Amino acid sequence: MASANANSMDGSEDVTVKLLNKRFEGLMAVRTKAIKGKGAWYWSHLEPILITNPETNLPKAVKLKCTLCDAAFSASNPSRTATEHFKRGTCPNFSPVLKPISQLPPLTSPSSQHNHRKRSSQSQQAAGASSSVYPVDMVDMSRFSNELSFSPTPIAQVPASNQQPLILSGGKEDLGALAQLEDSVKKLKSPKASPRHALNKDQVDSAFNFLADWFYESCGSVSFCSLEHPKFKAFLNQVGFPAVSRREFTSARLDSKFEAARMESETRIRDAVFFQVASDGWKGKSCIRGEEILVKFLVNLPNGTRVFQKAVYVDSGSVPSEYAEDVSWEIIRGICGNATQRCVGIVSDKYKAKALRNLEIQNHWMVNLSCQLQGFLSLIKDFCRELPLFRTVTDHCLKIAILYNSKSQIRNSFCKFRLQGVEFARFIRVPPPKCDMSKNIGPFVAMLEDILCNSRVLHLVVLDDLYKAVCLEDPTAREVFDMIQDVGFWTDLEAVLALVKLITQMAEDIEAERPLVGQCLPLWEELRAKVKDWCSKYNFAQEPVDKIVERRFKRNYHPAWSAAFILDPLYLVKDVSGKYLPPFKCLTHEQEKDVENLITRLVSREEAHNALMELMKWRSEGLDPLYAQAVQVKKRDPVTGKMKNANTQSSTVVWETCLKEFKSLGKVAVRLLFLHATSCGIKWNRSSVRWFCLQGHSRLGLERAQKLIFIAAHAKFERRDFSSEEEEDAELFGIMSGEDDMLNEVLADSSSMLDPFVEVSNPCVEEFEFCTVISYSAIIVERCFEQPASKGGCRVS
1 MASANANSMD GSEDVTVKLL NKRFEGLMAV RTKAIKGKGA WYWSHLEPIL ITNPETNLPK
61 AVKLKCTLCD AAFSASNPSR TATEHFKRGT CPNFSPVLKP ISQLPPLTSP SSQHNHRKRS
121 SQSQQAAGAS SSVYPVDMVD MSRFSNELSF SPTPIAQVPA SNQQPLILSG GKEDLGALAQ
181 LEDSVKKLKS PKASPRHALN KDQVDSAFNF LADWFYESCG SVSFCSLEHP KFKAFLNQVG
241 FPAVSRREFT SARLDSKFEA ARMESETRIR DAVFFQVASD GWKGKSCIRG EEILVKFLVN
301 LPNGTRVFQK AVYVDSGSVP SEYAEDVSWE IIRGICGNAT QRCVGIVSDK YKAKALRNLE
361 IQNHWMVNLS CQLQGFLSLI KDFCRELPLF RTVTDHCLKI AILYNSKSQI RNSFCKFRLQ
421 GVEFARFIRV PPPKCDMSKN IGPFVAMLED ILCNSRVLHL VVLDDLYKAV CLEDPTAREV
481 FDMIQDVGFW TDLEAVLALV KLITQMAEDI EAERPLVGQC LPLWEELRAK VKDWCSKYNF
541 AQEPVDKIVE RRFKRNYHPA WSAAFILDPL YLVKDVSGKY LPPFKCLTHE QEKDVENLIT
601 RLVSREEAHN ALMELMKWRS EGLDPLYAQA VQVKKRDPVT GKMKNANTQS STVVWETCLK
661 EFKSLGKVAV RLLFLHATSC GIKWNRSSVR WFCLQGHSRL GLERAQKLIF IAAHAKFERR
721 DFSSEEEEDA ELFGIMSGED DMLNEVLADS SSMLDPFVEV SNPCVEEFEF CTVISYSAII
781 VERCFEQPAS KGGCRVS
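Using the UniProt record's numbering, read the sequence shown as starting at 1 and increasing by one per residue.
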């Protein structure tokens, strides 16, 4: 027994020694890093030491030693120790280096003082008057000795600890006036400015050119008035630039940039034999009546590149299909004039049934498609309208959310469990009263996610005495009690969210990969397979779900899907004889007819018969196996990890080189295979869209906005950057909040020895200690709560 006790004691001693060593190493690492920053004023005088037991020679404590007076302190809170020991005069050998007021920067504007007021309030209380008021000897009195009848007292020789603070009639605010006075005196004494490297004209022009590029590419996010902001002018003056004129940026320079971008775009379009127009924005981002929207027109070229064409301002959330038809045709005529056959077709996020269909009838060579991304998102809305499961789950969750948000007794019960370490949202997000789930499902999905994330605490709350007391008075509370205790409710809730996530994930992939028209049928087949697995997993009847999917498929379907799928060598199938043949077996009888009808429509009447004969030959002979395998070579995408086609243009190249004998069918193939199935292009900031729409009420303003957005879009296509700055900022802050730097790692290793609440309850003013507090807060949250925090709801508009 004694031996066991001895072993346990030895084990505990080993753990203690390891923790002490970690704490010591951590403090040394912190000191090494902080001594180069704002904490250098005290870390240069504080040194971590390891106190050992004289009998065992093992570490028994970690202390902080003052190198000025050899005093030792606890290492639990170095910043507080420094404040008490150095700033409050405890250390007899510490003398802070005080700068004369003339060497200090002038006080900032009241707005900036207000921003720092919270941070500086604690330091002013801790450091006393000496940290904010400067002694008399900071003013050079010898400069005024000629005017005064007495000589100045040599106060500078008085020790710093005995100096009296300078008290002015206006209090601390007069220090700014005093600093300005000394600054003026200094300028009078030495009027010549410090020598500055002068920039030549070429350097200035180059710098302004880069500045203009950045300004135009921000596309309204940065106001033109910012060019005349005093701080911006001061910056330009500081780096040696001349003043910037707002008029210059809105006239000559803007015109020259626009002309350069326009000529480059027109050259690319002119070099292409044909093209496709993509229009995005007709649908808008919300269902607000009277919403101002921005419709973007892009040009898709056969070589895979895209060119921005125009942005159209629409001051209403819903416009007649005739207007969309007229605008689309005007865009086409503006691109190619009378040679409208160069336009193979249009892909748009709206108006497939009327505007796009009418343009196809009037121009037999056109193939007008609806955006696949909008088709998948519309499928979610179809489920909300037609699948009873969605309505039932939503109604139940709405009752839970309203009861939770409106009853203070229930929230008090939640808070009690929060203190016990159960994580939950402070409020459950509830959709607005007039929000229609069939049109804007985003708020409803957010509510369902909040309910599911809080499932654990909801089970605990309904069993609490406070909730039972509410049930005696409120029948809705009793109904909610039964729902939460019902396993079927949670299964249905999980099923709804799983189906929404399934479709939104595919929609996100479509938006990122921008599939071509030949990929539409495989995409919908993949969706059917995933929906079938969903029905099997949650024991849900497949028939009603399949009906909804098929109805949406038919609304989005275009015969070009089947034709491109058959003509694309990427989807050729190897048969038993070794031939690579088109997958006609994957088509229905109606889809086979669609292929024939589309091909005959896209060629002239004289070529129609030859085209059908070539189609039969293509069906029976296919493509040479070697070329078919070369087209179907895949490689792994380094970003997503998915296997993708190694050469996206190989299908068109094969038809133009290896399959020249198919003259009529080849013309159809090369015009079909490059067509995009999505209309989504560049993402704009909400501020940019709002700024553009505001310019729409003025002819000159709209013309200037058109040029600006053209320059910005052209630059984005050059960089292949199709994201918005808002998304990048959100991603940046998300990464920053999730990263652990060296300081956090050190504190995490040593936190097991410390009481973390001491650090949080005594936040320090210095920036270095502020980071320490944040790090400890992260440790506390991680240790106290088992469940992760609820994420933001999926937004599907």
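Since the hints were derived computationally from the structure, they do not count as laboratory data. Some hints here could point you the wrong way.
[Claimed, not checked] Dumping the calculated EDC-like pairs for lysine to aspartate or glutamate here, alpha-carbon to alpha-carbon at most 20 Å:
{"#": "1", "residue 1": "K663", "residue 2": "E606"}
{"#": "2", "residue 1": "K201", "residue 2": "E264"}
{"#": "3", "residue 1": "K530", "residue 2": "E718"}
{"#": "4", "residue 1": "K554", "residue 2": "E543"}
[Claimed, not checked] FRET-style restraints, in silico, Cβ to Cβ:
{"#": "5", "residue 1": "K63", "residue 2": "D637", "range": "24 to 34 Å"}
{"#": "6", "residue 1": "N57", "residue 2": "E494", "range": "41 to 51 Å"}
{"#": "7", "residue 1": "T340", "residue 2": "E494", "range": "17 to 27 Å"}
{"#": "8", "residue 1": "G304", "residue 2": "R357", "range": "55 to 65 Å"}
{"#": "9", "residue 1": "K635", "residue 2": "N209", "range": "17 to 27 Å"}
{"#": "10", "residue 1": "F232", "residue 2": "D70", "range": "51 to 61 Å"}
{"#": "11", "residue 1": "F224", "residue 2": "D637", "range": "49 to 59 Å"}
Bear in mind that the values here come from a model prediction, so they are computed numbers and not experimental data. C-beta: ideal position from N, C-alpha, C; glycine also.
(request) Identify every previously stated hint that the structure contradicts and give their numbers, smallest first. (result) 2, 3, 5, 6, 7, 8, 9, 11
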